[in-house]
Amino acid sequence: MSSSTFFGLDIATRGLYSAQRGLTTVNHNVDNINTPGYSRQVLEQRAARPILMANGTGMLGTGSEIVGVRRIRDEYLDVKFRSEVQHLGEWEVKQTLLEELQVMYNEPSDSGFNTVLNEFYNTLQQLSTDPSSPANRAALKEKAVMLTKYFNSVAVHFEYLQNDINEIIYAKVQEINSLADQIAKLNQAIYSYEITGNVANDLRDQRGHIVDKLARLINIEAYEVSYGKLPNGRDDMRFVITVSGKPLVDHNNVSHLAVTQREEKLNEEDIPNLYEIHWADGNKLVVRSGELKGYLDVRDGNDGLNGSPDFRGIPYYQRKMNEFVRTFALTFNEGLIHNSDGTLEKVYGHVDGYRLYSEGDTEPAGIRFFTMFDEYGNPMSSDVFALAGGPDSDNPDYDAMYRQITAKNFSISLEILENPANNICISDRAGEVGNIEILRSLIDMRHNPYMFNEGSPEDYIKTIISCMGVDGQLAMHYLENQTVITQQIDNRRESVSGVSVNEEMGNLVRYQHAYKAAAKMIQTYSEILDILVNRLGV
Amino acid sequence: MRITNNMLIDNMLSNLSRNLNRVSKYQNQLSTGKKISLPSDDPIIASRALKLRTDVAEIQQFRRNVNDAVSWMEITETTLAQIGDVMQRVRELTVDASNGTKTPEDLDKIKAEVEQLKIQMTHLANATYSGRYIFSGFKTDNPLMDENGNFLIDVSKGEQIFYEIGIGDDIDINVTGCDLFNDGSPQVIAGEKSSLISIFDGLISSLESGDVIAVGDQLGEIDKAIENILRVRSAVGARMNRLELTANRLDDDNINFTKLMSKNEDVDIAEAIMHLMNEMNVYNASLSVGAKVIQPTLVDFLT
Numbered sequence: 001m002s003s004s005t006f007f008g009l010d011i012a013t014r015g016l017y018s019a020q021r022g023l024t025t026v027n028h029n030v031d032n033i034n035t036p037g038y039s040r041q042v043l044e045q046r047a048a049r050p051i052l053m054a055n056g057t058g059m060l061g062t063g064s065e066i067v068g069v070r071r072i073r074d075e076y077l078d079v080k081f082r083s084e085v086q087h088l089g090e091w092e093v094k095q096t097l098l099e100e101l102q103v104m105y106n107e108p109s110d111s112g113f114n115t116v117l118n119e120f121y122n123t124l125q126q127l128s129t130d131p132s133s134p135a136n137r138a139a140l141k142e143k144a145v146m147l148t149k150y151f152n153s154v155a156v157h158f159e160y161l162q163n164d165i166n167e168i169i170y171a172k173v174q175e176i177n178s179l180a181d182q183i184a185k186l187n188q189a190i191y192s193y194e195i196t197g198n199v200a201n202d203l204r205d206q207r208g209h210i211v212d213k214l215a216r217l218i219n220i221e222a223y224e225v226s227y228g229k230l231p232n233g234r235d236d237m238r239f240v241i242t243v244s245g246k247p248l249v250d251h252n253n254v255s256h257l258a259v260t261q262r263e264e265k266l267n268e269e270d271i272p273n274l275y276e277i278h279w280a281d282g283n284k285l286v287v288r289s290g291e292l293k294g295y296l297d298v299r300d301g302n303d304g305l306n307g308s309p310d311f312r313g314i315p316y317y318q319r320k321m322n323e324f325v326r327t328f329a330l331t332f333n334e335g336l337i338h339n340s341d342g343t344l345e346k347v348y349g350h351v352d353g354y355r356l357y358s359e360g361d362t363e364p365a366g367i368r369f370f371t372m373f374d375e376y377g378n379p380m381s382s383d384v385f386a387l388a389g390g391p392d393s394d395n396p397d398y399d400a401m402y403r404q405i406t407a408k409n410f411s412i413s414l415e416i417l418e419n420p421a422n423n424i425c426i427s428d429r430a431g432e433v434g435n436i437e438i439l440r441s442l443i444d445m446r447h448n449p450y451m452f453n454e455g456s457p458e459d460y461i462k463t464i465i466s467c468m469g470v471d472g473q474l475a476m477h478y479l480e481n482q483t484v485i486t487q488q489i490d491n492r493r494e495s496v497s498g499v500s501v502n503e504e505m506g507n508l509v510r511y512q513h514a515y516k517a518a519a520k521m522i523q524t525y526s527e528i529l530d531i532l533v534n535r536l537g538v
Numbered sequence: 001m002r003i004t005n006n007m008l009i010d011n012m013l014s015n016l017s018r019n020l021n022r023v024s025k026y027q028n029q030l031s032t033g034k035k036i037s038l039p040s041d042d043p044i045i046a047s048r049a050l051k052l053r054t055d056v057a058e059i060q061q062f063r064r065n066v067n068d069a070v071s072w073m074e075i076t077e078t079t080l081a082q083i084g085d086v087m088q089r090v091r092e093l094t095v096d097a098s099n100g101t102k103t104p105e106d107l108d109k110i111k112a113e114v115e116q117l118k119i120q121m122t123h124l125a126n127a128t129y130s131g132r133y134i135f136s137g138f139k140t141d142n143p144l145m146d147e148n149g150n151f152l153i154d155v156s157k158g159e160q161i162f163y164e165i166g167i168g169d170d171i172d173i174n175v176t177g178c179d180l181f182n183d184g185s186p187q188v189i190a191g192e193k194s195s196l197i198s199i200f201d202g203l204i205s206s207l208e209s210g211d212v213i214a215v216g217d218q219l220g221e222i223d224k225a226i227e228n229i230l231r232v233r234s235a236v237g238a239r240m241n242r243l244e245l246t247a248n249r250l251d252d253d254n255i256n257f258t259k260l261m262s263k264n265e266d267v268d269i270a271e272a273i274m275h276l277m278n279e280m281n282v283y284n285a286s287l288s289v290g291a292k293v294i295q296p297t298l299v300d301f302l303t
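Protein chains in written order, with the working numbering: chain Y, 1 to 538; chain U, 1 to 303.
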């Protein structure tokens with residue numbers, strides 16, 4: 001028995017269809033060559049089920065058929081990419097922000113802290129060579145103002161940056177929520193599409209791309225879990241994204257993140273009302289990496305103090321600068337200076353000095369050189385400043401007094417500002433204009449290696465700056481490494497899933513030939529049928 | 001490994017940007033002249049730069065202090081020389097007057113000269129340096145004595161004005177009036193009479209009375225006073241000497257530390273240009289290779 005008359009045409013038509021589908025796939029691939037997250041698709045075709053010939057002549061082939069269109073993707077690389085890109089995001093942020101912090105200190109340069117402090121001490125020296133000169137005294141005041149302004153300006157810039165980062169954190173949380181929403185929608189779409197047994201290639205690519213974006217922002221784990229069996233026997237797979245163990249997206253449900261303004265500051269150096277991130281349902285959120293972690297660490301990092309992130313961020317540097325101005329002012333004003341054994345020793349300070357015109361004075365003027373701005377932004381006078389030291393003016397609480405000073409409100413006192421010629425007190429006895437005993441003590445402090453734990457004033461700032469430099473360098477190295485790692489994984493992904501023009505062109509030619517050949521078959525059958533139908537002359 | 005067109009393009013772009021980064025690094029170094037622009041570029045260079053800047057600034061300030069000290073002490077030295085001359089003249093006159101051959105008129109003339117020398121001496125005691133009385137101890141705004149040789153202020157030997165001329169190194173630059181004009185006494189109080197001027201007074205009264213023997217007796221006192229002045233002068237000379245040595249050392253230090261500073265943070269131009277050229281070559285090569293590799297595909301050859 002032979003096959004039916006039109007059987008050959010059927011086979012040829014199948015060939016045409018297969019080739020056509022092949023061309024469509026090539027077309028789709030080429031169109032999406034630059035679509036982010038796109039994975040190339042390949043046509044899966046096979047020989048159609050053959051017909052068993054009853055006369056023992058074996059199987060009769062019936063042409064080709066399309067099984068499906070498969071998306072070429074290595075899921076392992078996706079997991080790997082997401083686990084690395086979160087660190088890339090974190091260090092990218094940290095590196096950029098640390099660079100910004102360094103720029104604010106402006107060192108090494110001819111206008112940074114070092115220059116300001118050098119000039120301050122140089123004018124002190126200058127004053128020592130002509131202590132009664134009003135010009136030298138005015139110059140000292142100006143340089144002292146410069147010194148205090150330097151700290152004010154750096155502290156204010158740090159606060160601006162902290163505020164900016166706070167706003168960015170808010171925006172990033174919104175972005176995370178929005179990405180989570182998109183993923184949940186895609187989950188629903190993919191689920192309903194695939195329940196019939198199809199594979200939602202392009203939707204999966206879209207989702208994968210959004211998950212990649214999310215992974216850069218915050219530490220996530222993304223996986224599909226089986227929720228049991230569907231009626232058709234397939235696994236009921238649902239897509240879940242967790243952040244530190246708690247699901248952010250669970251199939252088509254989203255647990256949003258939310259921010260609230262802190263009632264209490266985390267660090268005393270913080271600006272008020274910074275955002276605290278938590279789950280919208282009130283649970284505590286733990287951020288382990290990602291851009292968000294980078295921003296949080298720089299905004300809140302106080303070297304692990306009081307539960308702050310273990311990172312040297314803005315509060316750390318603010319604290320260090322506050323510590324500097326407090327100790328510096330205490331030493332300079334009161335002459336209380338640390339000994340090698342850590343105890344405070346009393347030497348001559350500015351309060352022990354007599355004014356320039358002090359003929360007949362029996363007591364030192366008791367003027368403090370450095371105080372702070374009051375709430376209206378005016379420099380405080382020495383006496384008002386000392387009120388915080390408690391009622392016992394002979395034995396004040398210096399700690400309470402100097403804790404008021406911060407880098408932001410550091411200032412020279414009202415007395416010095418108003419009348420530097422008379423109120424700079426450098427003589428240890430009344431009426432001696434050439435006496436510089438106090439001044440010598442003040443100058444000596446510069447080289448006291450016990451003034452700070454880190455050493456003399458210059459050593460202290462040097463420590464801060466090199467610490468910042470080392471952190472910046474570290475961030476740079478992490479970033480470089482992380483960039484290489486992520487790039488390498490991304491390369492491998494691209495190698496597996498990327499569209500190759502050459503390959504597609506090869507396929508194009510392949511399917512074109514197949515199409516031509518199938519068409520030729522049809523033509524041939526047509527001729528055969530023509531002979532059979534028209535020319536047999538039945 | 002399967003290579004796709006986008007991989008080629010991506011890799012080329014990231015390599016190009018890396019190359020360009022390096023070009024920009026050297027370009028930056030050359031245009032600023034500094035090895036680093038941020039502490040994170042090299043924290044060690046940065047912290048050394050801070051230290052060296054402080055050192056240089058301090059050395060320069062110490063050098064200015066030395067200059068001021070030298071000017072002050074030069075005035076002191078000149079004044080001391082003049083005081084020595086006055087005393088020398090007084091001694092000559094005393095010897096001359098006491099040889100017993102002078103007529104009363106001669107003695108009168110000598111007396112007149114001694115009186116003038118006394119006034120000059122009180123003026124020298126009130127010598128100033130830029131408006132400050134150099135022998136008045138800490139009370140530089142007050143003259144030391146009046147025309148009669150009475151001290152106007154309390155001065156003690158403790159009123160030493162110190163200039164810092166090195167870290168922990170200071171030098172006292174002033175001669176106190178009590179030391180010089182009161183025979184090295186540790187202190188004088190206002191109203192007290194200078195022992196040096198007393199010699200003049202004794203001499204004048206002896207000359208007035210024509211008591212030549214008494215005039216001769218003053219010689220011992222005068223010699224003692226001259227000795228005291230010489231003692232002070234030699235101390236000042238020694239300190240001047242020390243200042244000169246310090247000045248030389250500070251000049252050397254200034255040069256050395258500035259050199260160190262430059263070595264630490266300034267870029268080696270030749271080296272940087274060489275690196276820049278090298279990086280430029282790499283960059284150019286990667287550009288031209290990239291352009292060649294990413295363009296053609298099978299599309300170009302299918303007809």
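Since the hints were derived computationally from the structure, they do not count as laboratory data. Heads up, some of the hints might be wrong.
Listed next, the in silico PhoX-like pairs over lysine-lysine satisfying Cα-Cα at most 25 Å (straight line) [as the list claims (entries may be wrong)]:
| id | chain 1 | residue 1 | chain 2 | residue 2 |
| --- | --- | --- | --- | --- |
| 1 | U | LYS25 | U | LYS259 |
| 2 | Y | LYS185 | Y | LYS265 |
| 3 | Y | LYS149 | U | LYS224 |
| 4 | U | LYS157 | U | LYS224 |
| 5 | U | LYS157 | Y | LYS143 |
| 6 | Y | LYS408 | Y | LYS265 |
Label-pair restraints from in silico Cβ distances [to be verified]:
| id | chain 1 | residue 1 | chain 2 | residue 2 | range |
| --- | --- | --- | --- | --- | --- |
| 7 | Y | PRO36 | U | GLN295 | 16 to 24 Å |
| 8 | U | GLN295 | Y | THR13 | 49 to 57 Å |
| 9 | U | SER31 | Y | ASN378 | 53 to 61 Å |
| 10 | U | THR128 | Y | TYR160 | 30 to 38 Å |
From the three backbone atoms N, C-alpha and C, an ideal C-beta is built for every residue, glycine too.
Consistency of the hints with the structure:
no., hint, verdict
1, U:LYS25 x U:LYS259, "24 Å, holds"
2, Y:LYS185 x Y:LYS265, "38 Å, violated"
3, Y:LYS149 x U:LYS224, "59 Å, violated"
4, U:LYS157 x U:LYS224, "19 Å, holds"
5, U:LYS157 x Y:LYS143, "34 Å, violated"
6, Y:LYS408 x Y:LYS265, "17 Å, holds"
7, Y:PRO36 x U:GLN295: 16 to 24 Å, "22 Å, holds"
8, U:GLN295 x Y:THR13: 49 to 57 Å, "40 Å, violated"
9, U:SER31 x Y:ASN378: 53 to 61 Å, "44 Å, violated"
10, U:THR128 x Y:TYR160: 30 to 38 Å, "53 Å, violated"
In this structure, the earlier hints numbered 2, 3, 5, 8, 9, 10 are contradicted, and the remaining ones agree with it.
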